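Generate coordinates for the entire structure from the input sequences, incorporating the hints supplied.
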Amino acid sequence: MRFRRLKDLVASRFMLAATIFSALLVVLIAAGLLQKSSLVLAMKPLTQLLFSSSWHPLSGEFGLYPFIMGTFWVTGVAMLIAIPLCLLVSIYLAEYAPSRTRGVVKPLIDLLAGIPSVVYGLLGVLIIVPFVKNIASFFGSTTNGYNVLSGGIILAIMVFPVIISISEEVIRTVPQGMRETSLALGATRWQATKLVVRRAALPGIIAAIVLGFSRAFGETMAVLMVVGNVAKVPSSVLDPAYPLTALIANNYGEMMSIPLYGSALLLAALVLLVVVFLFSLGARLILIRVERSYGIG
Amino acid sequence: MDRRKLEEDFCRGLMIAATFVVGGSLFAVFSVVILKGAPALSLSMITELPQGGYYLGGEGGILNAIVGSLYLGLGATALALVLALPVALFLQKEYIGNSRLGRLTRLSLDVLWGVPSIVYGAFGFIIMVYLGIRACLLGGIIALTLLELPIMIRAMDEVVRMVPQELKEASYAMGATRLETTMRVVCRQALPGLLTALLLAFGRGIGDAASILFTAGYTDRLPHSLFDPVASLPLAVFFQIGTPFPEVQQRAYASALILLLLVLILSVASRLLTRKFNKYVVR
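These protein sequence lines are chains B and P, in that order.
Note that this note's numbering gives residue 160 to position 119 of the first sequence, counting from 1, and the numbers run on in steps of one.
Note that this note's numbering gives residue 167 to position 166 of the second sequence, counting from 1, and the numbers run on in steps of one.
One or more hints might be untrue.
Unchecked claim - EDC-like cross-link-like pairs, simulated, lysine to aspartate or glutamate; straight-line CA separation at most 16 Å:
1) P:K169 x P:E95
2) B:K235 x B:E102
3) P:K37 x P:E167
4) B:K235 x P:E9
5) P:K94 x P:D111
6) B:K48 x P:E167
7) B:K273 x B:E102
8) B:K174 x B:E102
9) P:K94 x P:E167
10) B:K235 x P:E181
11) B:K85 x B:E102
12) B:K235 x P:E8
Stated by the list, open to error - Pulled a few chain P residues facing chain B out of the computed Cβ check, cut under 8 Å:
13) C12
14) L105
15) V116
16) A123
17) R189
18) G208
19) L261
20) N279
Said to hold, decoys possible - Covered stretches of chain B (chain P as the covering partner; in silico rule of three or more C-beta atoms under 8 Å from a C-beta of chain P):
21) 56–62
22) 255–266
It is worth saying that the hints were derived from the structure and are not from the lab.
No experiment lies behind these values; they were computed from the predicted model shown.
Here a beta-carbon is modelled for each residue, glycine too, at the ideal position from N, C-alpha and C.
Okay, here's the thing in structure tokens:
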């Protein structure tokens, strides 16, 4: 008996250690990146690093502003495309679709989530870039198609599954009674959705959108392949951009050779981590509150 | 009344149209990869290493990338399993469950789930520098393990939580310890779900490029030790499409098709396995 107790104790200590490691991993990552980027942080004030537009690594100028703006532009365009489409689809799946349609569409959307990002990049290079180029030239622009708009379209496709699966789940947790009350008062299905379900599901839907945003924010390969990578703040969706993730991926070779350059790139990774951390932390806290007030399942 | 009917129909139409757009984008991904990739696919693509001048359009295949991706994926999934299973089991009610530590762990894992893969790559790079190794199989496995960890734990946590409490109580009533109950009752009952979680994480790991870009390196040879650099399928697609030669770009399409097929097989396999193992589950 004592031996069995001992085994139980040893195993639970091991599990505790693994759990603490996993729970602290995000802190470990942040600490590691901060420690490595302290080299460049010690030389330049943070505000200058974040808000200066001059990126001349060889003369020691590391302004991340164009890259930060590039990331925001591409992500912003992606969200403008994705939000309306995703909301319509998740309302359709949760409120309207017959269960057979849902049984077909939901696994397909999950499949979309599992496709590697280089494959999306390939789709971008082969289809979306020429498409954007043709449309733009029809309106008299001379872009080569490698621009913010192409990146935004690809990212939008990539965040569809994230936003749809979470917001569909949230909409379905709205108690059936609320819907029925509204329908019994003579509301049409859309009115019940618009006036009653929307109000109850709104926080969860916002959380889903924020999670989609943070997914798009950190996406690397697919974006890198289609946005053009010109280190200048874009002024329209037809300008090329150079997101933070692409900056890191394109210049990793320098991380080994020039310490200061490497430090600046790891600072860029830290900026990505901090933004994504804040956004997804906020979204998760909202979702936990939603779960508590309706009870999922 | 008419206006309300009109509104109803209009919105329903919009929704169906949106569903078609989303479904259509999935269809577009598959049809593009298959149409472009299938003509370039050949037996030598998957059985040969790149020969001299391969990246200028010479002879050879991408066996190095296929084998490399499998090494990376299998290594990372095995390591992640060793870490993830104890955590998922520790999140049961008997251990930390809904205590403050349990809630905090779940929150932290959810946040970790959203961390971009390039950040895992950068962190993996820092670990490599710390350990004093160059870009190699081990470095790639470390970065991918960290990437797969939150995906695997969260998926496993979901299924472990679904194990009926009565089943566990029956085991406790026989005098079993927590560990015995967990290993012999919970793990067996949750087995299909655990397998699905494993394959899900494997599929995610094998398809990720950004985290191994600077931790695994790239080479035309097969790795012989953990400290050799290693090629991978996603990076094979990425590098080949970046060349100006149409023959090499064709091979990028074929590589993408192989990668997509691999991911699809994993996803179908996980569904079939779930069905096969479901007969051992107590309902």
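Hints and how they fare:
For the suggested pair P:K169 and P:E95, the alpha carbons sit about 10 Å apart, so the restraint of at most 16 Å is met. Distance hint between B:K235 and B:E102 is unfulfilled; the C-alpha atoms sit about 52 Å from each other, more than 16 Å. With a C-alpha separation of about 54 Å, the suggested pair P:K37 and P:E167 falls outside the 16 Å cut-off, and the hint is violated. For the hint linking B:K235 to P:E9, the alpha-carbon distance of about 11 Å falls within 16 Å, and the restraint holds.
Taking the CA atoms of P:K94 and P:D111, the gap is about 19 Å. The hint is violated against a cut of 16 Å. As the CA atoms of B:K48 and P:E167 are separated by approximately 24 Å, the hinted pair breaks the 16 Å bound. As the CA atoms of B:K273 and B:E102 are separated by approximately 15 Å, the hinted pair is consistent with the 16 Å bound. Taking the CA atoms of B:K174 and B:E102, the gap is about 34 Å. The hint is violated against a cut of 16 Å.
For the given pair, P:K94 sits about 13 Å from P:E167 by alpha-carbon distance, which is consistent with the 16 Å threshold. At roughly 51 Å between alpha-carbon atoms, B:K235 and P:E181 are farther apart than 16 Å, so this suggested pair is violated. Restraint check: the Cα-Cα separation between B:K85 and B:E102 comes to about 9 Å, which is no more than 16 Å; the hinted pair holds. Pair hint B:K235 plus P:E8 holds up; C-alpha atoms about 11 Å apart against a cutoff of 16 Å.
The beta carbon of P:C12 comes within 5 Å of a beta carbon in chain B, closer than 8 Å, and the hint placing it at the interface holds. For P:L105, the suggested interface contact is upheld, since its CB lies about 6 Å from the closest CB of chain B, less than 8 Å. Because the beta carbon of P:V116 sits about 6 Å from the nearest beta carbon in chain B, less than 8 Å, this interface hint is met. Interface hint at P:A123: satisfied, since its Cβ lies 4 Å from the closest Cβ of chain B, which is below the 8 Å cut-off.
Taking 8 Å as the C-beta cut-off, the interface hint given for P:R189 is violated, the closest approach to chain B being about 17 Å. Against a cut-off of 8 Å between C-beta atoms, the interface hint on P:G208 holds, since the closest Cβ of chain B lies about 3 Å away. Checking P:L261 against chain B by beta carbon gives a least distance of about 6 Å; that is within 8 Å, so the hint holds. Hint status for P:N279: violated, given a least beta-carbon distance of 17 Å to chain B, over 8 Å.
Figure legend: the segment 56–62 of chain B, annotated as covered by chain P; annotation consistent (5 residues with Cβ-Cβ distances under 8 Å, at least 3 required). For the segment 255–266 of chain B, the stated coverage by chain P is satisfied: 8 residues place a CB nearer than 8 Å to a CB of that chain, which reaches the threshold of 3.
This entry does not satisfy hints 2, 3, 5, 6, 8, 10, 17, 20, going by the numbered hints stated previously.
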